[in-house]
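Assemble the whole structure, with the sequences as input and the hints as a guide.
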Amino acid sequence: MTSTSPLSGFVVVELGHNVAGPVGGQILAELGAKVVKVEDPGKGDAARHWPPVVDGISTVYRALNRSKAGVTVDFNDATQLADLKALILNEADVVLQNLRPGVVEKYGLDAETLRAEKPALVYANIGAYGAVGPMAGKPGYDVLMQGYAGLMSVQGEPGGPPMRAGSSINDVGTGMWAALSIQAALLERSRTGEGGVIELSLYETGISWIAIHLSTYLATGRAEGKQGSGNAYITPYQAFQARDGHMMIGAANDVLFAKTAAVLGHPEWPDEPRYAKNADRVAVRHELIAKMEDVLKQDDVMNWVAKFDAVGVPACPIRDVPEVANCPQTEALGLIQEAPDNPDVRSIGLPFSLDGARPPMRKQPPSLGRDNRQIFGRD
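Residues 672 to 1050 (my numbering) are what the sequence shown spells out, left to right.
Hints listed in this document are in silico derivations from the structure and should not be mistaken for laboratory results. Model, not experiment: these values are computed from the prediction. Be careful, since some hints might not be right.
As the list claims (entries may be wrong) - For lysine-lysine, the following BS3-like pairs were computed, each having C-alpha atoms within a straight-line distance of at most 27 Å: (1) Lys968 <-> Lys978; (2) Lys789 <-> Lys756; (3) Lys789 <-> Lys777; (4) Lys948 <-> Lys968; (5) Lys962 <-> Lys978; (6) Lys930 <-> Lys978; (7) Lys777 <-> Lys714; (8) Lys962 <-> Lys948; (9) Lys968 <-> Lys897; (10) Lys714 <-> Lys789; (11) Lys978 <-> Lys948.
Said to hold, decoys possible - Pair ranges (Cβ atoms, derived): (12) Ser679 <-> Leu1039: 37 to 43 Å; (13) Asp965 <-> Cys998: 28 to 34 Å; (14) Thr673 <-> Arg914: 27 to 33 Å; (15) Val966 <-> Asp925: 16 to 22 Å; (16) Asp915 <-> Gly831: 24 to 30 Å; (17) Glu828 <-> Ser879: 22 to 28 Å; (18) Gly864 <-> Arg771: 31 to 37 Å; (19) Gly864 <-> Glu828: 51 to 57 Å; (20) Arg1049 <-> Gly727: 29 to 35 Å; (21) Gly727 <-> Gly864: 41 to 47 Å; (22) Ser1038 <-> Asp925: 26 to 32 Å; (23) Thr1001 <-> Ser1038: 27 to 33 Å; (24) Gly1005 <-> Gln1045: 26 to 32 Å; (25) Lys978 <-> Ala954: 34 to 40 Å.
Virtual Cβ for every residue (Gly too), placed ideally from N, Cα, C.
Below, the structure written as structure tokens:
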């Protein structure tokens, strides 16, 4: 069986705060790497203080910093800074950082300085707008990148105001790309003995989310705008109002549409020229959706879901967070995990399994400076 700790033996120093850096570090930690999270001894990571705080731990910090060791380092204290550099040069395989622009350079913790002494080091920089270009070095947050990278132009209802995705998708996505690219760099190092520098940014991640939209624009000169819950390329493929709530229907091809029409009591629809093929349906999307919703409003969501399930049409209710948390499918997958050192701390595990085993939460998020004694020999 594949180990759930494939990165066991690797050491990662995370100079991370807020969301993107900590997400990347957490993925590596739960895959078995020893991740040492470095924080300021005053207030620590800003995410520690974002509400709500439950039992002394911010729920945001709890979600992003599981399975790590935690130390504090005052960069303005020469001894503490020297100890951190020694940790990196003597033990670390990877440095992952998303501090404010210029901070790591100011204190000699940048890739160029450290790799001059340790060429085998893999160093990952996470920025806002990217490492080169006119915006390089400018700070920014996820919400800015949702606007600047164009995501807000394709989110929300047609004609509506700019709409932010409800999750910090650029932060989380960049953390995921960081974990992936770091593992690729470690694999390459195993062949060559040489580390390297990885550059990531929230802007680049934001662009990757709209790759299909950009490809369409580059090929046609046409920009697809907001589609609400729908899709510019497939119809019907969106949310619908039923009698007692909302549901999703994903009739992603002509065969599924024919089955959908039959369930709705209109088997003749696929024979009509304007509904026959997906491209035809996309052209008259609003007309078709209105007709479907008139029928769907005559029965309850779960009754419709059962009817669609019976013929193999993808459909489901639209649920809220408590419903997801208490769902039998969520439970069966073991997605909600308890910290072995504190069962009161529960969070969401990595979204994959290795030979049937999900990488575990190895320990609860560290209190500020929890591992100073073990790693640096000081409090």
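Right, here's what the structure says about each hint:
no., hint, result
1, Lys968 <-> Lys978, "holds (14 Å)"
2, Lys789 <-> Lys756, "holds (11 Å)"
3, Lys789 <-> Lys777, "holds (19 Å)"
4, Lys948 <-> Lys968, "holds (25 Å)"
5, Lys962 <-> Lys978, "holds (18 Å)"
6, Lys930 <-> Lys978, "holds (10 Å)"
7, Lys777 <-> Lys714, "holds (20 Å)"
8, Lys962 <-> Lys948, "holds (17 Å)"
9, Lys968 <-> Lys897, "holds (24 Å)"
10, Lys714 <-> Lys789, "violated (31 Å)"
11, Lys978 <-> Lys948, "holds (23 Å)"
12, Ser679 <-> Leu1039: 37 to 43 Å, "violated (26 Å)"
13, Asp965 <-> Cys998: 28 to 34 Å, "holds (30 Å)"
14, Thr673 <-> Arg914: 27 to 33 Å, "violated (47 Å)"
15, Val966 <-> Asp925: 16 to 22 Å, "holds (19 Å)"
16, Asp915 <-> Gly831: 24 to 30 Å, "holds (25 Å)"
17, Glu828 <-> Ser879: 22 to 28 Å, "holds (24 Å)"
18, Gly864 <-> Arg771: 31 to 37 Å, "holds (32 Å)"
19, Gly864 <-> Glu828: 51 to 57 Å, "holds (54 Å)"
20, Arg1049 <-> Gly727: 29 to 35 Å, "violated (23 Å)"
21, Gly727 <-> Gly864: 41 to 47 Å, "holds (44 Å)"
22, Ser1038 <-> Asp925: 26 to 32 Å, "violated (57 Å)"
23, Thr1001 <-> Ser1038: 27 to 33 Å, "holds (28 Å)"
24, Gly1005 <-> Gln1045: 26 to 32 Å, "holds (30 Å)"
25, Lys978 <-> Ala954: 34 to 40 Å, "violated (27 Å)"
Hints 10, 12, 14, 20, 22, 25 from the earlier list are contradicted by this structure; the remaining hints agree with it.
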